[in-house]
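In this note's numbering, the protein residues as written are 1 to 456.
It is possible that some hints are incorrect.
[Unchecked claim] Pairs of lysine-lysine, BS3-like flavour, derived with a Cα cap of 27 Å:
| # | residue 1 | residue 2 |
| --- | --- | --- |
| 1 | K269 | K251 |
| 2 | K140 | K152 |
| 3 | K259 | K347 |
| 4 | K319 | K451 |
| 5 | K365 | K322 |
| 6 | K224 | K259 |
| 7 | K366 | K322 |
| 8 | K384 | K129 |
| 9 | K348 | K318 |
| 10 | K113 | K398 |
| 11 | K122 | K38 |
Worth flagging that the hints you see were computed from the coordinates, not collected in a lab.
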Amino acid sequence: MDIIKDDILELEITGIGMNGEGVGRVDGVVVFVPYALKGERVRAKVAYVNKKYVKAALVEVIDKSPARITPQCKVFTRCGGCDLQHIAYETQLDIKTKNVDDVMNRLNKLNVKVEPCIASPKLMGYRNKLQLPIAMRKGKVELGFYSENTHKVIPIDSCPQSSWSGSVISAVKNWANDYNLTVYDETTEKGLLRHVVAREVAGRIMITLVVTSLRVPHIDKLIKNLDKHFTDYTLYLNLNDRATNVITGDKLELVKGDKALIGETLGIKYALTPLSFAQVNTGVTELIYRQVADAVGSDETVVDAYSGIGVMSCMIAKKAAKVYGIEIVRDAVNDANETAKMNGLDKKVINVCGDCAEVLPDLIKKVRAENTGNITVVLDPPRKGCDERVLSATIESKPNKIIYVSCNPATLARDLCVLTGGGEYKIDTLQPYDMFPMTRHVETVTVLSYKNTRTL
Numbered sequence: 001m002d003i004i005k006d007d008i009l010e011l012e013i014t015g016i017g018m019n020g021e022g023v024g025r026v027d028g029v030v031v032f033v034p035y036a037l038k039g040e041r042v043r044a045k046v047a048y049v050n051k052k053y054v055k056a057a058l059v060e061v062i063d064k065s066p067a068r069i070t071p072q073c074k075v076f077t078r079c080g081g082c083d084l085q086h087i088a089y090e091t092q093l094d095i096k097t098k099n100v101d102d103v104m105n106r107l108n109k110l111n112v113k114v115e116p117c118i119a120s121p122k123l124m125g126y127r128n129k130l131q132l133p134i135a136m137r138k139g140k141v142e143l144g145f146y147s148e149n150t151h152k153v154i155p156i157d158s159c160p161q162s163s164w165s166g167s168v169i170s171a172v173k174n175w176a177n178d179y180n181l182t183v184y185d186e187t188t189e190k191g192l193l194r195h196v197v198a199r200e201v202a203g204r205i206m207i208t209l210v211v212t213s214l215r216v217p218h219i220d221k222l223i224k225n226l227d228k229h230f231t232d233y234t235l236y237l238n239l240n241d242r243a244t245n246v247i248t249g250d251k252l253e254l255v256k257g258d259k260a261l262i263g264e265t266l267g268i269k270y271a272l273t274p275l276s277f278a279q280v281n282t283g284v285t286e287l288i289y290r291q292v293a294d295a296v297g298s299d300e301t302v303v304d305a306y307s308g309i310g311v312m313s314c315m316i317a318k319k320a321a322k323v324y325g326i327e328i329v330r331d332a333v334n335d336a337n338e339t340a341k342m343n344g345l346d347k348k349v350i351n352v353c354g355d356c357a358e359v360l361p362d363l364i365k366k367v368r369a370e371n372t373g374n375i376t377v378v379l380d381p382p383r384k385g386c387d388e389r390v391l392s393a394t395i396e397s398k399p400n401k402i403i404y405v406s407c408n409p410a411t412l413a414r415d416l417c418v419l420t421g422g423g424e425y426k427i428d429t430l431q432p433y434d435m436f437p438m439t440r441h442v443e444t445v446t447v448l449s450y451k452n453t454r455t456l
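Work out the full structure: start from the sequences and follow the hints.
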């Protein structure tokens, strides 16, 4: 059978892909069907064909899986945020565990035991941060999320992943429409409003309006709108006048409220500004930090690569002998120093600004010269994983232990192949966490140890 675009296929779904889509076969050809579940028989309309596989849109579920549930969000399947809301939560966890296992063992032959994915304390309403693009639709300003793999904004009134989202959206949207404010157009590169970035910390809200000019008319009216919804909040303007897909620019102007929001995670206080990075699911972040801290001994010196604003460094420092944080962004290093001072740990936490690949080897040599205790390196890179130079520097430095925190199983597996490829390191634990319920994404903590257990 030759499959062509717009064909209607009837098939059995025999598996779930890495992106949460159903996977089946027709005449030996692999067919991916988003929102179809394993065990279901479905009809699907062919959307894309190449030599290796077919993508098809779900038309009808003929035989329904018992794991299929009714999604809570009315824009589910159109919004690019959640993609697993139609699946019972226990099955979501099973899918994530299996996907991590497939990447590690079936695809990369690491031969490692993957522990069952740990559940999030909250399944809905867990997000402490939202990034909402602003668009013009039928002459009206709307806020929402991009449809997956597009820059088409799907308008929303609120998001079930955040209890305060509706208030932020209503205040900004009504203000923009009442005063006929313009919206940035990527084609013409004209217009004022680009994004709203909102973050909640300990019950307080920080709202950042991303604009192409800091001369925003009627900003006092926006404050009045926000006052109707929030009693204690911070409002910033962020200048981004570049033709770029990057959401925020570098220049900030405080309009109302405190410069930073003070949060606390497992006894560690920290200050967040609009450009600070923090995990979006506080409950799961605490579980991960506990595992990392538990893996560190009281006599150890820890090098925390990609240390950001230093929250995990301070968490580790409450137990370890000393912690060195390495971070390439100067503002983040300054924030990390403040985090350490805020928690009375500035004598135990030393933050270094620089490229980890360049700083790490000399830093570990320095640490070894100063003491005879064990050394642990913590790697917590972005989705693209570690730079090859960082991996090489880590291996050459021969730490006693490596703890790798990852948000991308594919790049984690790639990097673990490098770290274990020389035979000096073995994987002790590989633990997935559901940082992002209702989505295909998964966080993982991996602990590796040097095979020669003597102190190096």
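Discussion item. K113 and K398 were given as a pair; does the straight-line alpha-carbon distance stay at or below 27 Å?
Written reply: holds (24 Å)
Worksheet item: If you draw a straight line from the CA of K384 to the CA of K129, is it 27 Å or shorter?
Response: With Cα atoms ~21 Å apart, K384 and K129 stay inside 27 Å; holds.
Discussion item. Check the hint pairing K365 with K322 against an upper bound of 27 Å on the C-alpha distance.
Written reply: holds (15 Å)
Discussion item. With the threshold set at 27 Å, check whether the alpha-carbon distance from K259 to K347 stays at or below it.
Written reply: holds (26 Å)
Discussion item. Hinted pair, alpha-carbon criterion (27 Å max): K269, K251. Please report holds or violated.
Written reply: holds (25 Å)
Item to complete: Starting from K348, check that the Cα of K318 is at most 27 Å away, please.
Response: holds (9 Å)
Practice prompt. Mind checking the alpha carbons of K366 and K322 for me, to see if they're no more than 27 Å apart?
Written response: The given pair, whose Cα atoms are some 13 Å apart, holds under the 27 Å limit.
Item to complete: For the pair we were handed, K224 and K259, check the Cα-Cα distance against 27 Å.
Response: holds (19 Å)
Discussion item. Can you confirm whether the C-alpha distance between K140 and K152 stays at or below 27 Å?
Written reply: Between K140 and K152 the Cα gap is close to 15 Å, so the pair holds against 27 Å.
Discussion item. Hint check: K319 vs K451, CA-CA at most 27 Å. Holds or violated?
Written reply: Between K319 and K451 the Cα gap is close to 24 Å, so the pair holds against 27 Å.
Discussion item. Tell me if the straight-line CA distance from K122 to K38 falls inside 27 Å.
Written reply: Since the Cα atoms of K122 and K38 sit roughly 25 Å apart, the hinted pair holds (cutoff 27 Å).
Going down the numbered hints, you'll see the structure goes against none, and every one checks out.
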